[in-house]
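K.L.:
Given next are the chains, with one letter for each unit.
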Amino acid sequence: MRFVSIEFLTFLAGVFLLYYQLPGKFRWIVLLIASYAFYAVFDYRCLLFILITTLSTYYAARLLGRENQRYERLLADNPHWKRLEKKAAKAQATRKKRRILLLALLLNFGILAVLKYYNFFAANVDSLLLQLGVQPVLPQFSLLLPLGISFYTFQAAGYVIDVYRNKYAPDGSLFRYALFVSFFPQLVQGPIGRYDQLAQQLYQPHRFDFTRCRYALQLMLWGYFKKTVIADRLAVLVTTVFDNYTSFDGALLFLAAAAYGVQIYTDFSGGIDIIRGAAQYLGIEMAENFRRPYFACSISEFWRRWHITLGAWMKDYLFYPLALSKPLNKLGRYLQKRCGLWIGKTLPTCLVSLMVFLVVGIWHGAEWRYVIYGLWNGGIIAFSTLAAPLYKQLRQLFHIQENSLPYRLFMMLRTFLLVTLGRYFVRSSSLPQAWAMLKQSFTDFHLSALGNGGLLHLGLSNRALLLIGLCLLLLLAVGILQEKGYRLREQVDKWPVPVQFALELAAIFSVLLFGVYGPGYNAADFIYMQF
Amino acid sequence: MSKRGNIIRIICFIFLLLAMLIVTSPLFFVDAASSKTFLDTFYAQREDSLQVIYLGNSGVYRYYQAPLAWNAYGIASLNIATASQPAAAIRYLMEESLKTQEPELFVVDLRSFSDSSLSDANVHNLIDFVKPSWTKVKMIAACCWYEKFWYADMFEFFFPIIRFHDRWEEWTWEDFQPLISSVKGAYTYSNFLNNVQSEVTEILVTPERAQPNSNSLWALNNLLDYCDEQGLTVLFVASPFLEHERQKQVINALGDVVVERGYELINFNTPEMLEAVGLDVATDFMDNTHTNIRGSILYTHYLAGLLQQKYGLEDLRGQADYADWDAAYIEYSDLIGLEQLAFYQSLIGQPITLPLSMAAPNHSQTDSNPD
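Residue numbers (this note's numbering), protein chains in the order written: chain L, 1 to 531; chain Z, 1 to 371.
Hints listed in this document are in silico derivations from the structure and should not be mistaken for laboratory results. Warning: the hint list may mix true and false statements.
Claimed, not checked - Some but not every residue of chain L turned toward chain Z, in silico, with C-beta under 7 Å:
{"id": "1", "residue": "F210"}
{"id": "2", "residue": "L512"}
{"id": "3", "residue": "L513"}
Claimed, not checked - Straight line, CA to CA, 27 Å or less: simulated DSS-like cross-link-like pairs of lysine-lysine:
{"id": "4", "chain 1": "L", "residue 1": "K494", "chain 2": "Z", "residue 2": "K3"}
{"id": "5", "chain 1": "L", "residue 1": "K25", "chain 2": "Z", "residue 2": "K3"}
{"id": "6", "chain 1": "L", "residue 1": "K330", "chain 2": "L", "residue 2": "K86"}
{"id": "7", "chain 1": "L", "residue 1": "K345", "chain 2": "L", "residue 2": "K326"}
Think of the CB as a built atom: it goes at the ideal place given N, C-alpha and C, for glycine as much as any other residue.
Throw the hints in and build the complete structure from the sequences for me.
P.N.:
Quick look at the structure:
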């Protein structure tokens, strides 16, 4: 059931109606049934995997919670214990908890690894063996990739880790926890929710609020606009160039890569807006996942604005544990002694950034080009961190105000260029293609290719190109207003009702008229659904 | 805003949204197989100006040319026929036409009821060009039930913008204009007018019957019930075609149903009628299911003559209100070419032989003489 379909809208309308018609205590059950029904319609064969994740993480968390309570009881029962005794008890409890946590994480990430990465691993091992003159040993399989497995696995893992850390008590109801894992709006492409922010909202009944529901529908409409009018239309241009890159000038290759950056942004953020709007209609506020990423002045800032929940997850569950780990601490102390305090603090952090972004890259897909993509981003962040003092000196030398508009615009453009170079790896069908396209972009670059009617050979009519231009201007205008803190929906709400009607009708009509959807349009699949 | 205020707001918004979708949808239609032309031409006719309305699929518009009937007999007749017209829609087309016309007679081609399952494109071909009304809603519901369309497809019939929205990239000024035929919907396809001839040399004739599918029977009985209810004069026909034995057998069976219900039937796929019309397989068919212009001239001459003789239709030639019909004939006679024009003019005045089942003039279904 695609988001861009009458069936999904009907399903949503049915859920909305049922939710608000039933008594409050049954409303979360409606969401649970709807979520599993939604998942089953997408692919009933994958229900087993989400059930395994739900059950394993639920019971693991229950066991962890029990251990936490046992430890606290132990301390309470033995107030006379000295520090060493307390430390020993804690170490014992931690050892036991760690075993439970590791089992749960191994099982779930193991499933993810096998389903998503086994064939990649097998292909590379066999390739290596072949080069060594040995026959391939690892078979490849046609494996099912459950919908949204990366998203719900990370979400459930975060829950278990939080319970391990005793951040909150585990959920006492399996079915309510199942709703947290399977809540249907987030299944397709996130956002990756946190239990303490999301669960209570899911379980408690919400009253129908006309204004909130209207805002929710407006948000969904904006999402559909971004997805169907901009993203799916740009997909034509991007596909035309990437599928036949040797026929195009370097300037057009770069344009296509930049267009892909806009496509993936509007596709992903459009989908998130639809998801958040659907959840908001039910009274549930889901985490923001995008905050105008192309306004970022650095790659670090870009990743704090792009796929925010993934970045936050990586930060909380990978970056900090790695950065605070004993080996990295040891390294830091070693470097401090040899190279000074600043290097001793900074270099380990850069190393961790590289490792985290390697994981981010691999999370995107089981291919070398995603590995390079991750390392590209991590490498830039690491380099920027190391070069920060140099940049500061250069700014002082040239009397550049860091917050001045020209400098910020320059930084935004620079960041956009760096991000775009990374997009070559994500969009290309293979690593060799990505390298070839990058090389061609630089060695065969002619600005004149953008004129001379070159743009009309990219699969889009001149009307479609004009439409895209207008839409991008609209996107930019909305982004600037939001960046300045302008709350658009609330402001529009103050306008006369006929004007609001006209705007809303024009928006609906624009999506219906200019949207790319209907028979034969595969682009209705979201890019991030495959993750 | 109060709860009541919010409800009013929602209702107003939905109303405006529906109005917007309905009003803008015609901008996106594709005039495949001239369907828009046929329907727009019908809607452009002066109220209560038509004596005969002929309903069906290509078995109508490739056979019967209104300007030729007008010039020979002074009959104001019009085809409301579209390619592969859905059988379930015919009853509602009749209802739609009665809103602006009071024809003395309807002619319905049974071939529409013998078509196997149609695609949604065939249904769009008709429904998209019918004006918005409750009749159209009923037509959509009937066609969707008949053709077993999925829910999402039904939505597209109500709001065709969903299906055809990407036509905005092709818009020209013509998309914003109605397409009214200046030749009263007469067929102007080049191969037809160029008298292309079929390679099939024999016409298959069969007296056998084959059971129609239940949907076809439902659609036909639904139509007959409506005709009974409205007290309409209806002549059922089956225009002649060369092959497809099973389809002819089904038409024979459908014809039995029509006669049993007390309506007149002319099945042109019988030896008697083929001879009466004077059709020659060697020269008068464009392909195995349609006549060419020559065959159409013969068919029009015969059928129009039969309608006037049997149903006593007034000769309207010379009346000032019908000057546009004269103009339509002049234009169409230019299109068909001198040779075919000469052939057509040679037929004018020649008597036609009524089928045995129609020995005497009859104005209603209650006077029918069964075979």
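K.L.:
Now, for every hint given, state plainly whether the structure supports it.
P.N.:
Results for each hint:
no.	hint	result
1	F210	holds (5 Å)
2	L512	holds (5 Å)
3	L513	holds (5 Å)
4	L:K494 / Z:K3	holds (18 Å)
5	L:K25 / Z:K3	holds (24 Å)
6	L:K330 / L:K86	holds (26 Å)
7	L:K345 / L:K326	holds (14 Å)
Violated hints are absent here; each numbered hint is respected by the structure.
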